[in-house]
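Asks: Sequence:
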Amino acid sequence: MRGMTAAQRSLANAERPAVMRVLPFSGRPEVTLPRKLMRDEIMVLKLDGRRSEPVPAAVGNGQIMFESPHLEVDDGDSIFHLLPEGAEEEYVILDSGFQRAILSFPDHYQSKVRKKTVSDERL
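In terms of our numbering, the sequence shown opens at residue 1 and continues consecutively.
Note that these hints are calculated values from the structure, not bench results. C-beta: ideal position from N, C-alpha, C; glycine also. Treat the hints loosely; a few may be bogus.
For each label pair, taking beta carbons as the anchor points, the in silico distance ranges come out as [unchecked claim]:
#, residue 1, residue 2, range
1, H70, V118, 18 to 26 Å
2, F98, P54, 14 to 22 Å
3, T117, G49, 30 to 38 Å
4, L103, L45, 25 to 33 Å
5, D107, G86, 29 to 37 Å
6, E85, K116, 27 to 35 Å
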C-alpha cells in the first residue's frame, strides 16, 4: 500500500471482506465480520433475564446480523437495538438463524426478528 493516498488506503481496507487477527494464546486466526456492515449496536436479553454486553450488528428490515461467539441466542429471546440518542428499539427473535463459518466469514447469527410495538405491551 506504499505510495497510496490515505483515501486510497481507506478504500482498499473497506473492500476487504473481513478482518483477521491471531488470538494471543491459541495461535489460531480470528476472523470478524466487516466493520463496514456492523454500524449498529445491540444487546440480547435471554428469556431467563440474562442480558449480554453490547455487540456490533447490522440491523435491517426484519433481520439482524451479528457475531457473538460466546453467546447462545434462541428463538423467543429479545434484541435491544441501541440508538445513538440513548433510546432502544426492542425486537423479538423469530428464528435465531445461526450460520457456521464459511469462506472468510466467521460463525454468526442472521436472526429473523419482529419489532415489538406498544400494542404488544398491552397483551
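Asks: Determine for every hint whether it applies to the structure shown.
Replies: Verification of the hints:
1. For the pair H70 and V118, the beta carbons lie near 33 Å from each other, so the given range of 18 to 26 Å is not met.
2. The hint said 14 to 22 Å for the Cβ distance between F98 and P54, and at roughly 20 Å that hint holds.
3. About 22 Å separates the C-beta atoms of T117 and G49, a value inconsistent with the hinted range of 30 to 38 Å.
4. Between L103 and L45 the Cβ separation comes to about 31 Å, which falls inside the hinted range of 25 to 33 Å.
5. Roughly 31 Å separates the CB atoms of D107 and G86, a value that falls within the hinted 29 to 37 Å.
6. In this structure, E85 and K116 break the distance hint of 27 to 35 Å, their C-beta atoms being roughly 19 Å apart.
Checked against the numbered hints listed earlier, the structure breaks hints 1, 3, 6; every other hint is satisfied.
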